[in-house]
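Participant: Chain by chain, the residues run as shown.
2 protein chains.
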Amino acid sequence: MGNIMLVVAYDGTKYCGWQVQKNAITIEQKIYEACQKLFSREIKIVGASRTDTGVHALGQIVVLKVETSIPINKIPYAINAYLPEDIVIRDAKLVTSSFHPRYNAKNKTYEYKIYNSRFPLPQYNRYAHFYHKSLDIDKMKKAARYFIGEHDFKAFCSTGSSVKTTVREIYKCEVTVEDKMIVISINGNGFLYNMVRIIAGTLIDVGRGKIEPDYIIDIIDSKDRSKAGATAPAKGLTLIKINYD
Amino acid sequence: MGNIMLVVAYDGTKYCGWQVQKNAITIEQKIYEACQKLFSREIKIVGASRTDTGVHALGQIVVLKVETSIPINKIPYAINAYLPEDIVIRDAKLVTSSFHPRYNAKNKTYEYKIYNSRFPLPQYNRYAHFYHKSLDIDKMKKAARYFIGEHDFKAFCSTGSSVKTTVREIYKCEVTVEDKMIVISINGNGFLYNMVRIIAGTLIDVGRGKIEPDYIIDIIDSKDRSKAGATAPAKGLTLIKINYD
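Line by line, the protein sequences give chains A and B. Note that UniProt numbering numbers the first sequence so that position 188 is 188, with each residue one more than the last. Note that UniProt numbering numbers the second sequence so that position 56 is 56, with each residue one more than the last.
The shape of chain A in the complex, shown without the other chains (with noise of 0.2 Å):
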């Protein structure tokens, strides 16, 4: 038998993130925890996105490296009788043991919920940013386009991190809105840390009027993250799936 590849859904207003740290409950401990009580033995598992505090999924992959009699399709409903109601594992299937949830990644797509409107609704505080002044939608969609194709995003990524390279490509990024309702769209091959949430913040920019859409092209060919907008709160943010070859 190979190894396990896991469809993950959370919710993550109660976490301190995906990783495993110190003095904090996370999910990947969450997981790994059930994983432990239902197999009674020693696992390893693999996140292929490592979330944030608060920010949510319906498409997180994991994959566990364990030996197991357990069919793969009474995998979800076993390892969910130990999970809270907050995580839940919608699908399983057998993977060979060199598939890696993050190296193998083709594109993930992420969603970022503003909810525009005069006073907040309860109904969603947990998963989209509040925010009341007005917006100009239009002009959102416009900016929204420019962070399409191969770029630099140095100055959409929050300082702290160690990558390789800032390049990454967007094949996707579109505003939405539904009932007051905007959600921002996006697909790309990787995203830098804080990438999402930083453009969020940058397209809220646009929309309240402070900068223009064509302003985005001067905020990417500086590579300087303090000409780019605020990091948008974590709740607005879900991964929503990540797409394999």
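Watch out, some of these pointers could steer you wrong.
Where chains are identical, the list cannot tell them apart; a pair therefore holds if satisfied intra-copy or between any two copies.
Pairs of lysine-lysine residues, derived as DSS-like cross-links and limited to a Cα-Cα distance of at most 27 Å, are as follows [what the hints assert, rightly or not]: (1) K74 x K133; (2) K93 x K133; (3) K133 x K227; (4) K180 x K74; (5) K14 x K30; (6) K227 x K164; (7) K139 x K210; (8) K241 x K180; (9) K180 x K93; (10) K241 x K133.
Bear in mind the hints are in silico, worked out from the structure with no lab data behind them.
Given the coordinates of chain A, assemble chain B onto it according to the supplied hints.
Facilitator: The following block gives chain B in isolation, referenced to the frame of chain A:
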């Protein structure tokens, strides 16, 4: 100055419904307390709909009988300052002292949400009933149409309620689905106790093949509660809007 009409949204998860009662925290009580603090005097509040424990609202209507010098457009901000995050005043306007939120209501719209998938999603846990077996949407759509019109809905009313008549008129009853989320949208001139939840439970019975769509006619005709389906869980229900002349 006349009375003040408020449009209220709430997440009913933590509350024992709308109406003030002893030894339980209700939404009416939270709004009453917030208004007491804000206006520092006796006030009277009347809600349009006595939503049950766990039921949500986007458009509950409340009338406040109070004299105040606070401008009407500032009222929502002022009351919200004293409310918890899961209750929000979305709008306020002046109404005549003869306006009654319940007696003057022309029709109400409710939505009942069913997330129909193999596994639940944490993001939907609070506002949708999770149902894992496959449901035949076309049959549910067909069945929904039989509720439209003026009928005696005694079979769709929980016992324990004392009403003069169990006749109500339903103007719209529609089933839609998007990404495995089934939404039953229903508009009528009034609803009996648990009526929408029993209709939802009965439509689930149609979807899973327990009864045929046209059996809805027989259930209505029977005026027998035991012929209809189970009362679907409260968390799937949201009071969307109350319309007035």
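Participant: With reference to the structure, classify each hint as holding or not holding.
Facilitator: How the hints compare with the structure:
1. K74 x K133: between (48 Å within a copy, 16 Å between copies)
2. K93 x K133: For K93 and K133, the Cα distance is within 27 Å only across copies (21 Å; inside one copy 45 Å).
3. K133 x K227: Cα proximity of K133 and K227: one copy only (22 Å, versus 51 Å across).
4. K180 x K74: between (40 Å within a copy, 21 Å between copies)
5. K14 x K30: both (12 Å within a copy, 25 Å between copies)
6. K227 x K164: Within one copy only: 22 Å inside a chain, 67 Å across chains, cut-off 27 Å.
7. K139 x K210: within (11 Å within a copy, 52 Å between copies)
8. K241 x K180: Classified as both: same-chain Cα gap 24 Å, cross-chain 17 Å, threshold 27 Å.
9. K180 x K93: Answer is between: at 21 Å across copies they meet the 27 Å cutoff, but 38 Å inside does not.
10. K241 x K133: between (30 Å within a copy, 24 Å between copies)
Checked against the numbered hints above, the structure breaks none of them.
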